Amino acid sequence: MTFGLRRQLLLIGVLTLLLPIASVFYIRETENALRQAQGQFLSDLARSTAPLIGLDDAESPLAATSYPDSVFALPLTRTPTLDGYREDWGLDDTARPATTQSPAFWLGDYNGTLWLHARLTLADPAGTRIGLACVDANGDFNVMSFLPNDRGTFALTSRNVDAPVRASWQPDARGGQLEIRIPGTDCARRLGLSVSANDINRATYSGSLPGPVRRVSRTLTESLRAHRPAGVDAYLLASDGWRLTPVIGDRATLDERTAGTSFTATLYRRLLGNNERNLPILSDAWRILPDEKLSQASAARVRSVANTNDTVTIAQTPLTGALADTTLVLRQNTSAILTLANPSLVRLTNIILIVTVLVVGLLLAYASWLSARVRRLARAAATAVSARGDISTRLPGNAAVDEIGDVTRGFETLLGRVREQQQWLKSLADTLSHELRTPIAVVQSSLDNLGHSALSDAQRALAERASDGVARLRAILNAMSTANRAEQAARDARFEQLDLSGLLAQLADAYRQTFARHGFTTDIVDNVSIEGNAELLVQMLDKLVENATQFAPDDSDIVLSLNMTDDLVTLRVSNTGPALPAGDSARLFDSFVTQRRDDTDSQHMGFGLYIARLIAEAHRGRIAALDTMIGTTSGVTISVTLPAMVAGTP
Amino acid sequence: MTEFTTDSRRQVAIVEDDIALGANYREAFTREGYSVALFAERQSALTAFEETLPDLVVIDVNLGTDVEGGFELCRALRQRSATLPIIFLTARDSEFDAVSGLRLGADDYLTKDIGLNHLLARVAALFRRQQALQAPATHSERMQRGQLTIDEHSFSVTWQGSAVTLTLTEYWLVHALARHPGHVKSRQQLMDAANTVLDDNTVTSHVKRIRRKFAELDDAFDAIETVYGMGYRWRPGH
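Line by line, the protein sequences give chains Y and B. The first sequence begins at 1 in our numbering and counts up by one. The second sequence begins at 1 in our numbering and counts up by one.
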């Protein structure tokens, strides 16, 4: 497989795809730099804001600090119905229980009234007592309990609790759901829920120590609202993971944005490796589990926000003093930064990509065109010199004005020179054969004179050997000039209408007499006329027959055949005998080429078939040799194909 | 330069620019009893011929840088004498050169392929012919074939009573063909008869020239028949 021009240019074209890729990389690097700057800015902002956040003296520090066993009341936005279910609290499904203790329960706070909900799994509802414990400001312990027998809403009473505490129980297959409304009284300082066996005093509470109830801090919220820097979202986070304030900001909840999710944007992210995917997730829940807790360090980090495709930069910094285990979290959307999520940027990148693909396509088409021209030139150059040695000096595309045109013209010049050289070589053979005659005559005449002087037998033998050598040399020269003259004769020959059938029949008779050691059979179609020169054609047939007799075994038949199709006359001379030597059989018809394997017949110079070819070509015909196999007998057929004479042409 | 002596030997002039070849010719001709003058170029030969003409001249066409010197020399000699036997002996074997040489009135046009013995035989034959022509038919040996008469003594041929001027080679070819009318003579046989080494094409062109010479006398001349693939024969009955 060659690495053609098209492939090369395609490769280069593909390299231009680096352009959009580079631009995407550039965007990403810019994005990173801007994010870092934004993070730094946010960190500084957090550090300068933190000292301003403070508690109102009137509020218990309990609200702002964390206790290991505290229960957290989520702020509700509406009054639930006491029906045993939590679905009407307006919380989302991910809201986490108010306590880390067991049994888990949820606590809601609407205008000071607490709502408690628990989903209880009871192994033996009949033998179970459920108890609610609350501790008031004096530290008095009030326990209210009930047996989870009946479905319905009922009051829970205790001697120290004035305000009515009402509960609703909805048993189900595994246990039941419990919803309790606790009016905002002192009692609700601490709350606890217990599930215990019903074999003790009904006032007994047998669970964890009731934890202190924490609510969203109103003063901290106000303080934060007052000091929040413009353009960022802020909230406070206790060290135990509870958020102490709602998210305060211009857009407290992040937009669900569709931009940046398009196919190409996703593709770019995939190609580049999605650095956002590796970002830690910033949870929006009211309570953050320990493994969701982000580094307390004030260094800014980029986080994804759960359930959105948005990214934000956050900065955390601890508060001081009484609020030492509370963290101020600032959060800013990164949409202000030019990122891959930006749709116009994605569009720009898309355009670059499309243009690149177009350019690559154009390059490919251009390369195909170039490569086609080069291949056409290569083909023409490969066939410029025919098997017969004829040189054509015209190549296609030589008028082109570019470098390929230059190459084509260069080739033409080269071929022209080669042709001149070839013609010079041809004339050289001619000249040489002339020039050699005189020295040969000198040698020959010297030997003739030597023959007349007194020589010993040995000397005479040597002289005769030398004479034989000269005779051979002369035979070579004669063969060469015969070929030259045949060439001339073929060029100058006068053509006339000729009865080839009759000529061939006549020749067959003559050959029978001349070559007594071979038989001649004919297969001649009558009345075949061609336009030709009889003398030349006879000379050609002489050569072909002579050639055949030299290879055909004695007493074998040589077949002369003549056929005619619509416009072609085919003349064949076939003989049995050795097959053609391997290789290009067309070369047999070149001068100085012989198919003889031994050189016993040194007079044979390989001009016979060359002359036959010259004559065939002078008649606008072609000559070819091919192996034949009749049964198990090998042989050779030389066929001459000539244009038949069309009736009416002179 | 060798001056012609007044000895009784026949005098042969050889104009040959190749010194070695000339020397060989001189040796052979001397051995045969001729008196030989050897010239290497045209001018010295012409100067010598001013004084006295030799009995026979052998000329090379190409005399060194004087590429057509032989032809010029032949033309000058023919102006001096219509009967002086002139033989071209040259390396130039093209038909064009042969025709040019013969047109200038040479008696034969030979290529240097010819061996010394053949050359000597021709020279002897030319002298015989000249002698016969100068001293007409005392003992002519005639061969009659229809309208053709061949005088084997004087190497002369007549057709319908008119003389056909043939070169020695042409004479021998006609002689070989006419001797056995109807018999095909191959080109090789004809070459042997003409005491020369020619290639097939040269035989063909010789026959062509012979036909033309006869046709000048007789438009209807067709006595020499081409037998394709074999050679030529003299049509019986002519």
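Worth double-checking, as some hints may not be accurate.
The calculated SDA-like cross-link candidates involving lysine to any residue, where the alpha carbons are at most 20 Å apart (straight line), are [to be verified]: (1) B:Lys208 - Y:Glu535; (2) B:Lys208 - Y:Val359; (3) B:Lys208 - Y:Glu487; (4) B:Lys208 - Y:Pro125.
Stretches of chain Y that chain B covers, calculated by requiring three or more beta carbons in the stretch to come under 8 Å of a beta carbon on chain B [claimed, not checked]: (5) 216-225; (6) 430-439; (7) 444-450.
No wet-lab data here; the hints were simulated from the structure. Owing to the predicted nature of the structure, the values given are computational and were not obtained by experimental measurement. Even for Gly, the Cβ is constructed at its ideal location relative to N, Cα and C.
*asked:* So, against the hints stated earlier in the document, which numbers end up violated here?
replied: 2, 4 and 5
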